[in-house]
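Novice: Protein sequences, first through last, are from chains A and B. Under my numbering, the first residue of the first sequence is numbered -17, with each subsequent residue one higher. Under my numbering, the first residue of the second sequence is numbered -17, with each subsequent residue one higher.
No wet-lab data here; the hints were simulated from the structure. Be aware that a few hints might be false.
Covered stretches of chain B, as calculated for chain A (at least 3 residues, CB under 8 Å) [what the hints assert, rightly or not]:
no., stretch
1, 198 to 204
2, 308 to 314
3, 324 to 332
This structure is a prediction, so every number in the text was calculated from the model and none was measured. Note that CB positions come from ideal geometry on N, CA and C, so glycine has one too.
Number of protein chains: 2
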Amino acid sequence: MLNAIADLSGHSRAEIAARTGLTKATVSSLVDRMIGANLVVEGAAAVRTGPGRRGTALFLAPDGPHGLGVEIGVDYLATCLIDLTGEVRARWIQSADNRVLSPARVLSRVTKAVRTALAEADRMGVRVGGMGVAVPGLVESATGILRVAPNLGWREVDVRGELRRRADLDDIPVLVGNEANFAALAELWQGTGPRDFVHVSGEIGIGAGIVVDGGLFEGVSGFGGEIGHVMVDPRGPECACGARGCLERLAGQEEIYRQAGVLDDRAPEELITDLLDRLAHRDRRSVAATRSAARWLGIALSGVVNLLDLPTVVLGGTYARLAPWLWEPLRDELAQRVVSSTWSPVEVTASTLGSEAAVRGAAGSAVRAILADPDPYVTAALA
Amino acid sequence: MLNAIADLSGHSRAEIAARTGLTKATVSSLVDRMIGANLVVEGAAAVRTGPGRRGTALFLAPDGPHGLGVEIGVDYLATCLIDLTGEVRARWIQSADNRVLSPARVLSRVTKAVRTALAEADRMGVRVGGMGVAVPGLVESATGILRVAPNLGWREVDVRGELRRRADLDDIPVLVGNEANFAALAELWQGTGPRDFVHVSGEIGIGAGIVVDGGLFEGVSGFGGEIGHVMVDPRGPECACGARGCLERLAGQEEIYRQAGVLDDRAPEELITDLLDRLAHRDRRSVAATRSAARWLGIALSGVVNLLDLPTVVLGGTYARLAPWLWEPLRDELAQRVVSSTWSPVEVTASTLGSEAAVRGAAGSAVRAILADPDPYVTAALA
């Protein structure tokens, strides 16, 4: 029913009863409980859609429980707070080369960032109803354990357990997931795009989130979407995963920077700004480096589309910012290699969420979990 | 309810009522109608599972409507008749190099094969309730049109319309689908294997059928599973599809025969028998050719598993027969390239259906369509 309120935002109890098939009495009693728990608020009179008096309009409470999103990037930490309607209410981002630090050191920084966000929520007078943590690696869906994050050099880290313990999160549900999957969900929840797509985000690693018929496709154990380790050149360089010729070794952010001649120890934002500046000035090395990455990416994405027949590719992360220089070679590869492209051309779009997608998806997942099953939250809030 | 009878074969009306939640009176009236249409028969008394008298056991009628399966292979034509329980009751296969003939010539041969099967059904005293046609190309699910079959050199062929017209099939529903998808369904319906797998069949072309949670994953337009055109070597040879380095150019049956030195104009069965014989005698060229194909196949399948996190690979078609020589290099590539393989090892099995899988899947789809929605058939049968 909360989802009905989200979908029918601004409508009355009677309209929600009609839509959900519940009786008006049931809806009213549930709505009262949700108003009590500050999940729902009453607003101006609803638009009249039939005979009878106008009902009071219901809305998801903007000051209701917030979702706290955390992203442990390879070279940054990000956090954000979003409300029940999906609006970002606060955000933080810091550069941090997490590759050179131990998991314990990184997790203590994450803990500090979580405490900052919790304090801000307190200051705003809102409760944090759930937390989502995006990590650049394989997260087993059954256990929530991060099995491996090759670009961080982490193996077997119980991120949820560690953060619970370090940040005293006993009463807040914590979800841990792959950053590419969270980014794809954020893209889906924007609500303006397609319901079947592959979202590919290029950072240090390259990850894909596969969305089929409006739902995330994660595979049997949650390990799907590892496009970064799809092989594109059998004679290619060795990858952090141990195999040879993986896409991320040939089309990842660092390889683009290296080939363009901009790679050094500057912060990520400075590197990409430098590259974009050189591209704007048609610097030959930068253009060649970006086009080369686009071709490898196009080859791997052609494989994805040949296998899954997805009509849309969404470029995310750094790829979204490089999109104007990626389009042409990427589309050429797709047109040439996707056998169904004559009948079912592949659309390529760029995400507008940029590098914020994963942290927003993580926070959004926390909020959506409350909307999908509000009972635990309501029970705690009314206790 | 027919599916309940299929699942509960040998059980009584009362047991089926309990399972489906329908009343006994409803079940009895539906069962009578299905007995009238010869979809269901009564047999020996059911096993007693509770108090009260034993009910009469119900079974899917072995002499009920049969499914007619047709496969238009690149180098053979196959047909079969299967009954409602999935048993093959008759089968035919003929070599035919369909690449050198026009679509019209091939379809007239197919029509002859269909007439032979219909005559046999007549002789057996059974009706053909539906037909499934497996083709080695892209079939658009919305229209049933074969858009392209690169290895046949066909484009835009309305296989269903043509066969309806040529073989006077006005009253028989006809399904057209990709052979790799039908083969994967046949594998699934064997009922003994996993519910999440990729079935890869190596013939002249290479096709994959992706099964997720017991259902076929075909993609938005039905064009999924085109593993044959996944690129595995950017410097590889040109493919019939126009692109370079496609899996089927490097690991397809013809490339194995060519590298092994057995390729000539003999019939397909003679070629594979020759190759298997040489492999059994450890012929160096044949072993090297098969191992090379296995490595390329392993690279492409690693991509599939990295993207979809499927726990099982089923080798079908020619690959099933070559399986003993494919295992080792294939498993090596999967273990090395699948990033989740440490936590979720990929099982590789060989289909026992061999080259019959696609035609059985096509016939099975026709029969399953009747079980899923028997009304049209029952109405026609009782008219």
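Novice: For each hint, tell me whether it holds in the structure or not.
Specialist: The hints, checked one at a time:
no.: 1; hint: 198 to 204; result: holds (count 6)
no.: 2; hint: 308 to 314; result: violated (count 0)
no.: 3; hint: 324 to 332; result: holds (count 3)
Hint check: a violation occurs at hint 2 only; the rest are consistent with the structure.
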